[in-house]
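Student: From just these sequences and the hints, can you work out the full model?
Heads up, the numbering used here is the position in the sequence shown plus 130, with the first residue counted as 1.
By construction, these hints were calculated from the structure, which means they are not laboratory data. Heads up, some of the hints might be wrong.
[Unchecked claim] DSBU-like mimics (lysine-lysine), calculated; alpha carbons at most 35 Å apart, straight line: (1) 245 with 174; (2) 245 with 181; (3) 212 with 424.
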Amino acid sequence: MSQNKWREDQNRFHLAIGPILLMAQCFAVLPVSGVRSPDSSDLKFTWKSPKILYFIISFTGAIILTVCSIVRVSHSGITATKTTNIVFFGAACITMALFLRLATRWPCLIRFWEKVENEMIIYPTPSTSMQLKTRLALMAGVTITIALVEHVLSIISGYASALECAALRKDTDIVATYFQSQFPQVFDLTPYNWWKGVLVQCLNIISTFSWNFMDLFLMLVSFALASRFRQMNHHLYATRGKAMPDWWWAEARENYNRLANLTRRVDSNISDIVLLSFATNLYFICIQLLNSLKPRHGTSQTLYTSFSFGFLLARTAAVSLYAAAVNDESLRPSPILYSVSTTSYSIEVQRFLTQITTDRIGLTGLNFFAITRGLILTVAGTIVTYELVLVQFNAMQNANSTIVNITEACEVK
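Tutor: Here it is in structure tokens:
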């Protein structure tokens, strides 16, 4: 295999994201066959697959936990904090369903993506740049590692709370206390058994992964899209100040249009995931800000809440910036076109410039909003507004319940 062929293969999205999708399927996400095959034609979705059975089991478990959370809130009363479990497990159910829907479309989407990549071979990637496969693996490795650290801190914090709770109850079974305090929505409704605790913990891990992977997936797709625009822009900027013939500009415009169509195709398939990602992240940022106003007991709980909040903010910002980069890179050819000399200016240059300035290219949240850099400031303003409402709502709820008993002290969530 030649060096150029190897480099091009390393920059193909299907080959780059394959190992990451294989890992995700261990947690019942995107059940598609053939993700590790070097040939995209081997990709297929079938309902008669062990992956689908695993998905159904995990999805059913997440639904049961969501229903249990709703029942608990209906019995004990609603507060801003108690709705967290409903939103978390409910979002996990929706995330799994959306990735299942995407799985049915994934083979066609990847084949279309690969077709565009084949057209982009005329624009070689810079030999000094890191390959797409390496970059995606690095992004996934960092994100999953931090998420794993966060989950371990969550378990440590929960165990510390269980020790305190067991002391209040004068109970010697710390493991049972841990599961009962971490998942009261289950064990307030059913008797405790160790196997139930393990099962619920496994479902919690799957739900946590699906929430984290949703953001990671958007970052990976956004980066891959932006890298193709960046590849073309690198080629365009190399011709700055040169007189190029009409056919060259026509070819450049057609390739730009292919990338624009690819972006629209991707957006039509993942825009619902984008909307869910921003909605859940916005909610949990507000909730964690609200919880930060409450006094914390113990170093482990303080460390976990601080680390979790920082990771959530960083992840939300990363999704926004990576997705906004698609729009940023789609606008970068305009300075080149504006700098074309009068003698080289033609109808093809004009058509190219018109498309760039009038055609909005980028990812959206189900077309409710477009992801640009300015969106980050809008989201920040929204968080402040919602936080004021939540503080007032939570103060009203706390005014109606000022007595703290052992049961309340043992409820972590």
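Student: Now tell me, hint by hint, if it's right for this structure.
Tutor: Okay, the hints, checked on the actual structure:
1. 245 with 174: holds, 17 Å
2. 245 with 181: holds, 27 Å
3. 212 with 424: holds, 15 Å
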